[in-house]
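Novice: Below, each chain spelled out in residue letters.
2 protein chains.
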Amino acid sequence: MKIDGKHYRTIWIHPQNPKIVQIIDQRKLPFQFVIKDLEDLESAEKAISDMLVRGAGLIGATAGYGMYLAALNVNKKHFIKELLNAGEILKNSRPTAVNLQWAVERQLAEIEKCETYEECVNATLKTAGEITDEDANMCRMIGEHGFKIIEKISRHRNGETVNILTHCNAGWLAFVDYGSATSPIYKAHDAGIDVHVWVDETRPRNQGARLTAWELLEHGVPHTVIPDNAGGHLMQHGLVDIVITGADRVTKTGDAANKIGTYLKALAAMDNNVPFYIALPSSTFDWAIADGVNEIPVEQRDGREVKYMSGFKDGAEQEFLIMPEGSNVANYGFDVTPSRLITGLITERGICDASEDGIKTIFPEKYIM
Amino acid sequence: MKIDGKHYRTIWIHPQNPKIVQIIDQRKLPFQFVIKDLEDLESAEKAISDMLVRGAGLIGATAGYGMYLAALNVNKKHFIKELLNAGEILKNSRPTAVNLQWAVERQLAEIEKCETYEECVNATLKTAGEITDEDANMCRMIGEHGFKIIEKISRHRNGETVNILTHCNAGWLAFVDYGSATSPIYKAHDAGIDVHVWVDETRPRNQGARLTAWELLEHGVPHTVIPDNAGGHLMQHGLVDIVITGADRVTKTGDAANKIGTYLKALAAMDNNVPFYIALPSSTFDWAIADGVNEIPVEQRDGREVKYMSGFKDGAEQEFLIMPEGSNVANYGFDVTPSRLITGLITERGICDASEDGIKTIFPEKYIM
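In the order they appear, the protein sequences are chains A and B.
Residue 189 in the working numbering is what sits at position 168 of the first sequence, and the numbering runs on without skipping anything.
Residue 184 in the working numbering is what sits at position 163 of the second sequence, and the numbering runs on without skipping anything.
Watch out, some of these pointers could steer you wrong.
Identical copies carry no separate label here, and so any pair may be met within one copy or between two of them.
[Claimed, not checked] Keeping only pairs whose Cα atoms sit at most 30 Å apart, straight-line, the calculated DSS-like set for lysine-lysine is:
no.	residue 1	residue 2
1	Lys328	Lys23
2	Lys49	Lys97
3	Lys49	Lys328
4	Lys27	Lys328
5	Lys334	Lys49
6	Lys23	Lys57
7	Lys23	Lys273
Read the hints as simulated data drawn from the structure, not as lab findings.
Given only the sequences and the hints, what does the whole structure look like? Please build it.
Specialist: Here's what the structure looks like:
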């Protein structure tokens with residue numbers, strides 16, 4: 022999508038030097054826009070572990086390019102052995118990221134087919150490019166399908182502004198391009214539909230206020246940042262036409278784990294007859310789980326994220342205490358929205374009901390015993 | 022309640038000098054505990070308008086003492102005329118505060134009965150004391166009634182911890198003592214019942230993280246501060262036994278306007294069969310309104326409260342930017358929880374259903390045509 026009028030992806034080959042991969046240091050957003058060069062395995066590993074890049078799709082793409090950068094720098098005599106080792110290092114950079122494991126395995130499968138070192142360098146470059154393009158295409162398709170929902174609402178409103186609420190950042194910054202929840206929004210905006218996005222701040226890490234707001238601002242999509250507390254009031258007063266969020270994990274029955282607070286918005290949407298959609302690439306489904314609320318373990322994160330807050334002052338980002346030092350805090354990473362509250366799932370294959378029967382209609386192969 | 026082991030109210034006469042009234046400068050909490058002397062009308066007016074004191078009960082008490090301080094300093098020859106003028110000044114210090122108008126009118130009614138200046142000084146001191154004691158007593162009674170609910174839950178749990186979730190600050194800092202939502206909690210804690218409070222941070226002004234957490238910490242009540250997003254997840258997993266919040270305004274049908282985000286917690290409580298109570302002194306009822314969602318106007322506050330955040334660093338409180346400067350923000354002050362989501366109302370007269378029939382049982386005189 023666009024930054025200051027220029028098109029970007031979140032990861033790309035340096036235009037003058039094919040041995041360098043470039044990313045945006047997302048930790049510095051929205052206060053500073055810094056492009057970072059990745060030149061070897063180590064810098065790719067650090068980009069993932071230090072969270073310069075985040076989001077399933079982008080982590081997978083970075084791991085893919087990490088294997089290419091590793092291939093450029095290994096001892097040519099033992100390249101397979103060294104690349105197996107590089108794969109382990111990358112896989113451990115964020116152990117819970119499923120796309121990371123998957124991208125590394127895909128590269129290793131290609132590497133094992135190679136007979137010469139030169140073949141291997143070419144294969145890892147090609148495969149990294151494929152992983153990246155596939156992610157962008159998948160998000161583009163989510164946008165194509167989700168667009169139809171927004172277009173229909175716009176027609177029903179006789180072209181008046183369609184108000185869309187989103188939570189956290191399921192934007193292009195979390196993928197290679199377009200995003201999941203944001204992809205239908207960008208598509209609608211670019212097609213001339215009058216859209217406006219309510220951006221949940223998304224405490225405690227503020228991914229909405231920091232990343233989603235920045236994305237939308239740079240691409241020129243009208244939006245308003247709101248405290249997470251505000252969505253219910255907006256829905257009571259007819260100011261939200263549709264909610265679209267991403268997901269961290271969706272069960273085969275349609276329960277959706279997503280950033281903490283999503284469940285509260287789904288309840289408010291149900292109470293006010295506002296359609297509530299989850300947008301996700303199919304890699305987000307967990308085909309082994311049926312009961313999201315009881316079976317998906319919820320990560321508890323460092324309490325420091327609640328007790329301190331990061332902000333910009335005097336030209337630098339700083340951390341501030343925002344409550345009594347002596348009080349306890351709890352920091353649950355996400356919650357699970359039961360499928361009964363979800364109007365539909367928007368995937369790259371199309372839209373379906375958030376139910377086993379619904380998902381089966383577009384992913385029949387996953388339900389064969 | 023207690024601060025560092027010593028008992029305090031939020032407003033009191035200076036122990037060595039009856040011509041000085043003392044308050045806590047609540048703007049500096051929780052980072053600094055500063056007691057401020059009020060010596061005249063002007064300092065009382067500023068304490069209210071600059072929000073050193075806040076909360077309906079405490080604003081009323083401060084206005085009461087403001088009239089006493091004014092009486093100490095007026096021209097004795099025209100004291101009634103000057104005190105009428107002082108009343109106008111106080112009433113305008115926060116025009117929307119109902120308790121403020123009421124306290125000033127009550128003082129003026131007493132002043133009009135006085136024949137001498139000395140009588141007038143004594144009457145304003147006595148009346149200010151009465152306003153203050155009545156507020157404390159009302160909150161104490163809310164605690165007595167609400168205590169029974171907590172005690173019952175504790176018995177059902179065989180004495181295991183009772184987990185109470187609250188939103189914003191309806192604590193003793195907002196009144197003269199005890200608070201509304203917190204009063205049953207303090208009473209239960211002091212009676213030896215094992216209670217633990219989940220404190221909603223309460224964005225954007227963070228009254229939960231700043232004030233409620235500080236109150237509970239100083240009084241020694243176990244508590245945990247959570248982002249506003251977390252409550253639904255906690256309720257899904259049986260970690261909340263009861264929700265108690267305060268209210269800004271409750272209709273005669275039991276709809277409750279309270280800090281933005283309260284409605285979302287009420288929805289989650291209903292979805293998980295968690296009892297949801299509103300604690301309020303009877304002065305919070307608006308007997309003229311029947312439909313809270315459609316008839317109570319919701320204040321929109323300065324967007325700066327969303328875009329910037331206040332925190333503590335290097336020994337001082339500072340304000341810092343937390344999102345893109347160029348993005349729009351919206352800042353709705355409160356939302357309305359429909360009575361169908363409220364288990365009951367805890368008032369100084371007792372507990373009733375959140376419905377016209379329920380409220381009528383304890384306030385029958387309000388429904389006489």
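Novice: Is the C-alpha distance from Lys23 to Lys57 at most 30 Å within one copy, between copies, in both cases, or in neither?
Specialist: within (18 Å within a copy, 53 Å between copies)
Novice: Check Lys328 against Lys23 for me: Cα-Cα at most 30 Å, and say if that holds within a copy, between copies, both or neither.
Specialist: between (34 Å within a copy, 23 Å between copies)
Novice: Within, between, both or neither: how does the pair Lys334, Lys49 come out at a Cα-Cα threshold of 30 Å?
Specialist: both (13 Å within a copy, 20 Å between copies)
Novice: Within a copy, between copies, both or neither: where do Lys49 and Lys97 come within 30 Å Cα-Cα?
Specialist: neither (37 Å within a copy, 64 Å between copies)
Novice: Reference check for the pair Lys49 and Lys328, CA-CA at most 30 Å: within, between, both, or neither?
Specialist: Both. Shortest intra-copy (20 Å) and inter-copy (17 Å) distances satisfy the 30 Å Cα cut-off.
Novice: Indicate which option fits the pair Lys23, Lys273 if close means a Cα-Cα distance not exceeding 30 Å: within, between, both or neither.
Specialist: neither (35 Å within a copy, 52 Å between copies)
Novice: Please sort Lys27 with Lys328 into within, between, both or neither, judging by C-alpha distance up to 30 Å.
Specialist: Result: close only across copies, 26 Å inter versus 37 Å intra.
Of the numbered hints stated above, those contradicted by the structure are hints 2, 7, listed in ascending order.
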